[in-house]
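Novice: Based on the sequences and whatever the hints tell you, model everything.
Number of protein chains: 2
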Amino acid sequence: MGEVKNTQIVLKDYVKGFPKESDMILNASATTNLKLPQGSTAVLVKNLYLSCDPYMRLRMTETGGGFQPLTPGSPIEGYVVAKVIDSGHPNFKKGDLVWGMARWEEYSVVDAPETLFKIQHTDVPLSYYTGILGMAGMTAYVGFYEICAPKKGESVFVSAAAGAVGQLVGQFAKLSGCYVVGSAGTKEKVDLLKNKYGYDEAFNYREEQDLNAALKRYFPDGIDIYFENVGGKMLEAVLSNMRLNGRIAACGMISQYNLEQGEGVCNLFLFVAKRLRMQGFIVGDHYHLYPKYTEMVIPLIKQGKICYTEDVTEGLENAPAALIGLFSGKNVGKQVVVVARE
Amino acid sequence: MGEVKNTQIVLKDYVKGFPKESDMILNASATTNLKLPQGSTAVLVKNLYLSCDPYMRLRMTETGGGFQPLTPGSPIEGYVVAKVIDSGHPNFKKGDLVWGMARWEEYSVVDAPETLFKIQHTDVPLSYYTGILGMAGMTAYVGFYEICAPKKGESVFVSAAAGAVGQLVGQFAKLSGCYVVGSAGTKEKVDLLKNKYGYDEAFNYREEQDLNAALKRYFPDGIDIYFENVGGKMLEAVLSNMRLNGRIAACGMISQYNLEQGEGVCNLFLFVAKRLRMQGFIVGDHYHLYPKYTEMVIPLIKQGKICYTEDVTEGLENAPAALIGLFSGKNVGKQVVVVARE
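Going down the list, the sequences are from chains A and B. Residue numbers for the first sequence follow numbering that gives the first Met the number 0, so the first one is 0 and each next one is one higher. Residue numbers for the second sequence follow numbering that gives the first Met the number 0, so the first one is 0 and each next one is one higher.
Do not rely on the hints blindly, as some may be mistaken.
Note that identical chains are pooled: a pair holds if it fits in a single copy or bridges any two copies.
Okay, derived cross-link-like pairs now, BS3-like style, lysine-lysine, Cα gap no bigger than 30 Å in a straight line [what the hints assert, rightly or not]: (1) Lys291 - Lys273; (2) Lys117 - Lys273; (3) Lys92 - Lys117; (4) Lys215 - Lys232; (5) Lys82 - Lys273; (6) Lys291 - Lys195; (7) Lys291 - Lys15; (8) Lys193 - Lys150; (9) Lys11 - Lys273; (10) Lys273 - Lys19; (11) Lys4 - Lys45; (12) Lys195 - Lys45; (13) Lys273 - Lys15; (14) Lys273 - Lys329; (15) Lys186 - Lys45; (16) Lys291 - Lys93; (17) Lys151 - Lys45; (18) Lys151 - Lys215; (19) Lys34 - Lys92; (20) Lys150 - Lys273; (21) Lys329 - Lys150; (22) Lys273 - Lys232; (23) Lys19 - Lys173.
Keep in mind the hints are simulated off the structure, nothing from the lab. From a predicted model like this one, the values you see are computed outputs, not experimental measurements.
Specialist: See the structure below:
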């Protein structure tokens, strides 16, 4: 016990445009004490897996884009899977496995441990708690079931469909008896959509001259539900293809995060003409549903009825590159960084 | 009885850009029989008041913009208040007063009389059934109460606030204990908003260099509810000023109806960041609520707790100019055309 080194990934400054590795700095000289001070109500954790998520880009701006902005000079914050090393909080004890918000470093002091989820099921891969059993899984669940209220036989479109969230939305849609089509940015991802996640159809948006025409091809009768991860011109094309009373869960708009000025969407009148509903959501507002979600999804995982693809990067020092890769679509599936395996 | 003249206003051709009087033709040579043929299940009505409504512009296009397109060469269709002259339908008899969809002509045969509403209360101005007691009133009611689900103390913004619908939304908002601000396009309308309809504040959007700044002035803590009648850059400015969990009822987007290409809205990402919900609606889907609405609103009218401004144009021949005036904001309040008074 006592003082140990605690390598960190620090945000250099607020980021403009496309994020670069040099926007983050590896600080190898930080240290931490492995014992909490007497009377602390915090929890000290050892970080095992880091979750790379598109919304983190927003926190790298001065306004935070709806989230708490990160602090330049301080470690990046993000979701992690971690092991409790010391606890001043009655709900946690040494050795507990948890997931929740901490920092990109080897050890983190979590001052609000009530935000952490205790990991109950360890007969699934532990890294799943950065994805299917963590924030991404809950995002797919809330956006699809709660916001979109799918009915059997409806037509569903998912953008960024091979990502951490999209791969699950497609599988949930099939379990709900829907017709589902996904878009992604490489042939490899399109193949995964069709052959692994059970998407009825999939296309590579980079190969389409005309997104509107592509959607018409796959949805001659229109789209009932759009799970929105992309925004901009994709949203505009989708609106043109929505059916009456269509629903849009606005989960994210990754195409817009690195732009100074967002792309204009010119056909919003269709909201009136088609009686559309679009609802933005942030998963943090819905975590009370987490027990209900795990009750549903853990049996599906164990029975092999649902699968999950992770893109695993080894080493905290490689976390900046992994995060940045999200914005060029480099990752195939959920982007995870392994800091330590136990 | 027998054959009489039946002057009509006919749509010349589909309309592009800003509508002109010459897009409609007065046909003074049409005639009608004042007796329905034996065995008809239709209703023959004498039209008293015509309702001029922005959505009618959409029906003048080939696609209809979400509505049934009008037929060039045939009379304009629209909401009317009318008196039954002859009826082949068991629910209607000669002398009944009705409101609903007919045509811009002196007499109309309504082939689907089940779409007509029988007027039960005649101790209010009959023309109100083109407005507060007709489609416009129901639109305000459904959009505000059903779609926006207002809570006491919330902040409400209404665009086109002095129009047929907007003047009611503001009054409903005050009855619900909300803070409400409206925008309109003339000083006269702004005065009406503040001094007649009880809006807390109002502004002339034509005098604002920066809509975003104008909204910030009236909503330093943001907008909970936006009743959207305008679209385009107004919607963009509103999105920038919405509060977390804000709701938008997309009732219409009059600024966009005469454009070949809609204005781009560049900040839709705020749907995610602020967990916004926008829902388009068309009042026709909600007419089952009409009895509930009249039960609420008729006592309010009689008690003087709600008022309604009409802009009355005399004569069927002046209907085209009245309709076109909507798009330059010429009308003050609900635009009605008197064809006959009884």
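Novice: Now tell me if each hint is right for this structure.
Specialist: Consistency of the hints with the structure:
1. In this homomeric assembly, Lys291 and Lys273 come within 30 Å of each other (Cα to Cα) only across copies, at 25 Å, whereas the closest approach inside a single copy is 33 Å.
2. In this assembly of identical chains, the alpha carbons of Lys117 and Lys273 lie at most 30 Å apart only when taken from different copies (28 Å versus 44 Å within one copy).
3. With identical chains, the CA atoms of Lys92 and Lys117 are at most 30 Å apart within one copy only, with a shortest distance of 10 Å there and 71 Å across copies.
4. Both within a single protomer and between protomers do Lys215 and Lys232 lie at most 30 Å apart by alpha-carbon distance, with minima of 15 Å and 29 Å respectively.
5. Taking the shortest alpha-carbon separations for Lys82 and Lys273, neither the intra-copy value of 50 Å nor the inter-copy value of 33 Å comes in at or below 30 Å.
6. When the C-alpha separation of Lys291 and Lys195 is checked against a cutoff of 30 Å, the pair qualifies only within one copy, where the shortest distance is 25 Å, while the shortest distance between copies is 51 Å.
7. For a Cα distance limit of 30 Å, the shortest separation of Lys291 from Lys15 qualifies neither inside one copy, at 39 Å, nor across copies, at 53 Å.
8. When the C-alpha separation of Lys193 and Lys150 is checked against a cutoff of 30 Å, the pair qualifies only within one copy, where the shortest distance is 22 Å, while the shortest distance between copies is 46 Å.
9. Proximity of Lys11 and Lys273 under a CA criterion of 30 Å is satisfied inter-copy only: 27 Å between copies versus 46 Å inside one chain copy.
10. Proximity of Lys273 and Lys19 under a CA criterion of 30 Å is satisfied inter-copy only: 27 Å between copies versus 41 Å inside one chain copy.
11. With identical chains, the CA atoms of Lys4 and Lys45 are at most 30 Å apart within one copy only, with a shortest distance of 12 Å there and 89 Å across copies.
12. Taking the closest pair of Cα atoms, Lys195 and Lys45 never come within 30 Å of each other, the shortest separation being 34 Å inside a single copy and 65 Å across copies.
13. In this assembly of identical chains, the alpha carbons of Lys273 and Lys15 lie at most 30 Å apart only when taken from different copies (21 Å versus 37 Å within one copy).
14. Taking identical chains as interchangeable, the C-alpha atoms of Lys273 and Lys329 lie at most 30 Å apart only when they sit on different chains, with a minimum of 28 Å there against 36 Å within one chain.
15. For the homomeric pair Lys186 and Lys45, neither the shortest alpha-carbon distance inside one copy (38 Å) nor that between copies (65 Å) is at most 30 Å.
16. When the C-alpha separation of Lys291 and Lys93 is checked against a cutoff of 30 Å, the pair qualifies only within one copy, where the shortest distance is 27 Å, while the shortest distance between copies is 60 Å.
17. Taking identical chains as interchangeable, the C-alpha atoms of Lys151 and Lys45 are never at most 30 Å apart, the minima being 44 Å within one chain and 47 Å between chains.
18. With identical chains, the CA atoms of Lys151 and Lys215 are at most 30 Å apart within one copy only, with a shortest distance of 21 Å there and 44 Å across copies.
19. Within a single copy, Lys34 and Lys92 get their C-alpha atoms as close as 13 Å, which meets the 30 Å cut-off; across copies the closest is 89 Å, which misses it.
20. Within a single copy, Lys150 and Lys273 get their C-alpha atoms as close as 18 Å, and across copies as close as 27 Å, so both meet the 30 Å cut-off.
21. Neither within a single protomer nor between protomers do Lys329 and Lys150 lie at most 30 Å apart by alpha-carbon distance, with minima of 33 Å and 45 Å respectively.
22. Taking CA atoms no more than 30 Å apart as the test, Lys273 paired with Lys232 passes in both settings, with 19 Å inside one copy and 21 Å between copies.
23. In this assembly of identical chains, Lys19 and Lys173 lie within 30 Å of each other by CA distance neither inside one copy nor across copies; the values are 37 Å within and 51 Å between.
In the structure shown, a violation is registered for the earlier hints numbered 5, 7, 12, 15, 17, 21 and 23, in ascending order.
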